[in-house]
Amino acid sequence: MATIDYPLDRPRAVEKEFSFSETLYKWVATVDHKRLGLMYIVSSIIFFVIAGLEATVIRTQLIFPNLHVVDPDTYNRLFTMHGTTMVFLVGMPFIAGFANYLVPLMIGARDMAFPRLNAFGFWIFLFGGLLLYFSYIGGGGLGGSGSAPDVGWFAYAPLTERAFSRGHATDYWILGILVSGIGSIASAINVIVTTISMRCPGMTLTKMPMFVWTMLVDSWLIVIALPPLTAAQIMLLLDRYLGANFFNTQKGGSAVLWQHFFWIFGHPEVYILIFLAFACLNEVVPVFSRKPIFGRQAMVGALVAIGFISLGVWAHHMFSVGMTSWSNTFFAASTVLVGVPTGIKIFNWTATMYGGKLRMTVPMLFCCAFLLQFLCAGLTGIMLGMAPFDWQLTDSYFVVAHFHYTLAGGLVFGIFAGLYYWYPKVTGRMFNEKWGKWHFWLFVIGFNLTFLPQHMAGFLGMPRRIYTYPAGRGWELWNFLSSCGVPFQLAAILFFAVNFVYSARKGEPAGDDPWDAWTLEWATTSPPPEYNFEKLPVVRSSRPLWDLKHPQDPDWKYNQ
Amino acid sequence: MAHTSVLAQDALGLEKGWTLPDRGKVGITFLIITETALFTIFVVAYLVYMGKSPNGPQPKDVLEIPIFSTICLFSSSATIVMAERALARHNLSGFKLWWLLTILLGVEFITGTGIEWYHLIYKENLTISTNLFGTTYYSLVGLHASHVIVGLFFLILVMLVTLFGFPIQTQERRVMFLSWYWHFVDAIWVVVFSVVYLIGR
Amino acid sequence: MNPYSLLAFLQVQASNLPERKIANMFRPLASPGESEKQVALLTFAITGAIFVVVGGLIVYTIARFRSRPGDDLRQEPPQVYGSNQIEVAWTIIPILIVFVLIGVTARVVAGVQNASPPKTTTHVTVIGHQWWWEVQYPDYGITTANEVHIPFSLDGAQATYFMLQSMDVAHSFWVPQLSGKTDVIPNRDNYLWMNPKAAGYYYGNCAEYCGTQHANMQIRLVAEPPEDFKKWTLNQQTKANEASEAAQDKAVFLSLSCVNCHMVGGTTAIGKFGPDLTHLMSRREIGGGVIENNRKNLRAWVNDPQGIKPGCLMPSLKLTDRELDQVVAYLETLK
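Chains as they are written, first to last, in this note's numbering: chain E, 511 to 1070; chain F, 2 to 202; chain U, 393 to 727.
Hints listed in this document are in silico derivations from the structure and should not be mistaken for laboratory results.
Small disclaimer: the values here were computed from a predicted structure and weren't measured.
It is possible that part of the hints are untrue.
To be verified - Here are the computed lysine-lysine pairs in the DSSO-like style, where the Cα-Cα straight-line distance is at most 30 Å:
1) Lys1067/E / Lys17/F
2) Lys413/U / Lys429/U
3) Lys710/U / Lys623/U
4) Lys631/U / Lys664/U
5) Lys53/F / Lys664/U
6) Lys53/F / Lys717/E
7) Lys1045/E / Lys944/E
8) Lys429/U / Lys664/U
9) Lys717/E / Lys26/F
10) Lys589/U / Lys622/U
11) Lys1067/E / Lys1045/E
12) Lys631/U / Lys688/U
13) Lys589/U / Lys727/U
14) Lys17/F / Lys1045/E
15) Lys688/U / Lys413/U
16) Lys631/U / Lys727/U
17) Lys589/U / Lys664/U
18) Lys664/U / Lys623/U
19) Lys26/F / Lys1045/E
20) Lys17/F / Lys1059/E
21) Lys710/U / Lys622/U
Said to hold, decoys possible - Over the 10 Å line for every Cβ pair with chain E, so calculated as not near, a few chain F residues:
22) Thr35
23) Leu64
24) Glu65
25) His91
26) Ile116
27) Thr171
28) Ala188
No residue lacks a Cβ here, since even glycine has one placed at the ideal position from N, Cα and C.
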């Protein structure tokens, strides 16, 4: 535990009477990065639960063959909304939330570089999300009876053209995402500028915490990869409303061009998403191993390498589209190549733990599960990168299993590690450890039970995005097992939600630094005051609090 | 808080020489990077579909090189530099003059585009839905024109507040960022012009 | 040749064909599928080894270095910052593995994609529609739907080359036990080949989400001995027979709007929007693989296709019972 003595006569805030309008104003008009970060995260959690419920209906329909829990159109809307929500309204805002809350604290700044841009980014994300969900009520079917988009989260052309997507469902998809995307870009620019221009004295780029490095590279990717999606969506809007011919195959347009543009965005996007988990692990694993991250320079190098290479692998989503053998081979090569820096990161985390003194707290448990699950995911990714193998696996349940292992088994577990780790800092209270462990174990069991069998369904020829399946194809057992995992996950999330809400009021006070950690956010109160730090710190190494607590053996002695 | 007061001890005097890049410069730079990515996709679409229109008007039949508008736009980059220099020398009337000239040149460019489009739509029957050429032409040139219009909006805003007595001298930095944006719009025109009017014809 | 005995012969043959309902990609029965399986096994071996080594290391690390209850929490372990040699080692080794994987991929990709057709090749054009498959044999002048017949031989010498086109949106043609999938995209000709080495009634699916009834855009591929294939093509080439008993039923059929969408060779029904019905009864299933082709199902389908395949593009025609009986009776003569 920390050995610093705190002055006992700290000034206390005067308790004011609760005023609804003041509280509302405080939150709606805020430009404080911590409040905005919190709003991003709460919104993400809510959308996560909604998308999870959509998935619950999906898995209920698929538990047995030939079920008709929902009709085909509804099912198709559900899987479209589930995917779209999870990527754009859960993954992206979690990134913005974590980055906006933590980056200024970790670099010893008082706020982000552009606080008003920060607020703009949040509200436009929320508006986009609400616009997308308004489609359930407002999107017009032929009778105007309300219809959410049903074109899949990557909305291939020409299914999305006016001729095949009548009514406004697809327009809600386009506009909701377009608008949210602007918020993501704004947030990313803010993070980059903050990181470059607002570090406290002594914090050279090499001494920046790994979390901040990860968010910096992540923001670079966002700034470069999100515009292709915006461009493609503008083109689709022009097609649908002004009769343009970008993807109108009747007039010479190319359906494959949409796929190229979408995946030039889409593949970097999944790296953008997973980087948040990487960022959380980069902080949580060292602290609970009681060792610094193994190979900091290599880790940063691996991040940059992943960022670069990920811009060149997109057509591995298109191996079955009929590209030339040269193209297929090139993209297969770049895809397996990106596995190298990713693998390096897994090795380095393991090496961080090796020789350490592992504290199996709830955040650490999530990290351990991440390592094994993400390893699986990466290896199935290699399988998918082998183009001939991919000709069988693509568009089957094997791919569904793979991306859920990366995104749910990887990203969501990493996010939970981060949420539990920084919960005491944000709320000032400790969560309930026992309930946290219930959450973890139920989620591990449920997640693996749902997604491991789906690999088998893919090997047996089950395509994805089908609202039902016939008996006798050998898919029944795997679908049944897969659906059985759902109640475990629902229970797990219930434990999580109750824990977080209850502990915010009734948890044990956490103090500044409950985990005995080493980065600057633990050098201020929990929760931090609005101005973050009384005096802006000056640092000499990447672990300023380690230096403080171990004056005889500081990091800067070893040039770290 | 004991932590921060101890942490704030600057034993090595690091704070003194600690300069980081200017926020605004980095911000505008990345705005330009992200917009470049956006334009790249529209340029790629133009190149991919070049020569692929099965019917309808073709570029070499209907496109005329907009020499005058292009010269105006490029000149406006020079005039905005002159305006900035005038502001740096505290020459307010010089600044107003050059700034106004920049705006007029920008307006001429947009007008020229508008005239060209009128001709293409009503005389040559080329609309965005006619064929692939129409689609990619109007979207690419239109995307650029929309960025010029946004730039003009801010240029005019600066003009108006200056004319109404706002001390523009205090905002030299922000004027510089706006000029960077304006140069970016110009640079994009170099690419669009080359692709559409030189290569594409 | 008497069409009835021919059909009877064919149906006996069809029922003798092994049902290949479990489309296990690890039991391939054609060369492309076999190449893909080889790649799969190699990849399994390599990734499996990586999983055992790395996963084992992770589990070992967690187990070995957990802090025990009696541990002194103030004693921090040695603060190791890293090791350049180790970083180099675990960069080089994966890169070598990557080279191996790339080499294998390049070889198989070229081998499958750039294979030139052997002399004995059957050409089939498959045209994807929302949500059924139009199947044409340009060399034979045949058009049928959903059920593809191709010849097989045990040594794989009988190859079929597919040209894949789409009438509307993007689809994908996938018969897992014979070959990986290739997408079916409008305004683009794609190619796929397979050389079945075992007879069978193979199951496949559309593998690219294409709208409401994507789930029920199923493929049935019959791989049969060349002689049987020849007989099948001969039957498919005949026009609809002119059995006199069905004359009245035929008249009723031709008077209804069915003819706007469907084609029956040798009659005035020349609609191109829906499946060709000339030899409807030679197919085992209808509706794109949704239901078995028998009288009860056929009647139900004609009466109310939306009830069986909601959202499909065939409307319920609201026929009277009498009209329904007559239409179905006529359809049953289309062997």
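Right, here's what the structure says about each hint:
Between lysine 1067/E and lysine 17/F the alpha-carbon distance is near 22 Å, which keeps this suggested pair within the 30 Å criterion. With a C-alpha separation of about 19 Å, the suggested pairing of lysine 413/U with lysine 429/U holds against the 30 Å cut-off. For the proposed pair lysine 710/U and lysine 623/U, the alpha carbon gap of about 38 Å is over 30 Å, so the pair is violated. For the hint linking lysine 631/U to lysine 664/U, the alpha-carbon distance of about 16 Å falls within 30 Å, and the restraint holds.
Taking the CA atoms of lysine 53/F and lysine 664/U, the gap is about 29 Å. The hint holds against a cut of 30 Å. With a C-alpha separation of about 53 Å, the suggested pairing of lysine 53/F with lysine 717/E is violated against the 30 Å cut-off. As the CA atoms of lysine 1045/E and lysine 944/E are separated by approximately 37 Å, the hinted pair breaks the 30 Å bound. For the hint linking lysine 429/U to lysine 664/U, the alpha-carbon distance of about 39 Å lies beyond 30 Å, and the restraint is violated.
Between lysine 717/E and lysine 26/F, the direct Cα distance comes to roughly 23 Å. Compliance with the 30 Å bound is thereby established for this hinted pair. Between lysine 589/U and lysine 622/U, the direct Cα distance comes to roughly 17 Å. Compliance with the 30 Å bound is thereby established for this hinted pair. Proposed proximity of lysine 1067/E and lysine 1045/E is supported: the alpha carbons are some 24 Å apart, at most 30 Å. Under the criterion of a C-alpha separation no larger than 30 Å, the hint pairing lysine 631/U with lysine 688/U is consistent with the structure, at around 25 Å.
Proximity of lysine 589/U to lysine 727/U is assessed by CA-CA distance (about 28 Å); at most 30 Å being required, the pair is judged to hold. Between lysine 17/F and lysine 1045/E the CA atoms are separated by roughly 15 Å; this keeps the pair inside 30 Å, and the hint holds. This hinted pair checks out: lysine 688/U and lysine 413/U have alpha carbons roughly 23 Å apart, not beyond 30 Å. With a C-alpha separation of about 10 Å, the suggested pairing of lysine 631/U with lysine 727/U holds against the 30 Å cut-off.
Distance check on the hinted pair: lysine 589/U and lysine 664/U sit about 34 Å apart at the alpha-carbon level, beyond 30 Å; violated. About 25 Å separates the Cα atoms of lysine 664/U and lysine 623/U, which keeps this hinted pair within 30 Å; it holds. Of the pairs offered as hints, the one joining lysine 26/F and lysine 1045/E holds, with about 27 Å between alpha carbons and a cut-off of 30 Å not exceeded. Note on lysine 17/F and lysine 1059/E: the hinted pairing holds, with a Cα-Cα distance of about 25 Å set against a maximum of 30 Å.
Of the pairs offered as hints, the one joining lysine 710/U and lysine 622/U is violated, with about 39 Å between alpha carbons and a cut-off of 30 Å exceeded. Not every Cβ of chain E is farther than 10 Å from the Cβ of threonine 35/F; the closest lies at roughly 5 Å, contradicting the non-interface assignment. Here leucine 64/F stays apart from chain E, with its beta-carbon at least about 18 Å from theirs, past the 10 Å limit. For glutamate 65/F, the requirement that its beta carbon stay farther than 10 Å from each beta carbon of chain E is met, with the minimum near 23 Å.
The claim that histidine 91/F is not at the interface with chain E holds, since no C-beta of that chain comes within 10 Å of its own (minimum 28 Å). Residue placement check: isoleucine 116/F keeps its beta carbon more than 10 Å from all beta carbons of chain E (closest about 21 Å). The Cβ of threonine 171/F sits about 19 Å from the closest Cβ of chain E, beyond the 10 Å cut-off, so the non-interface label holds. For alanine 188/F, the requirement that its beta carbon stay farther than 10 Å from each beta carbon of chain E is met, with the minimum near 16 Å.
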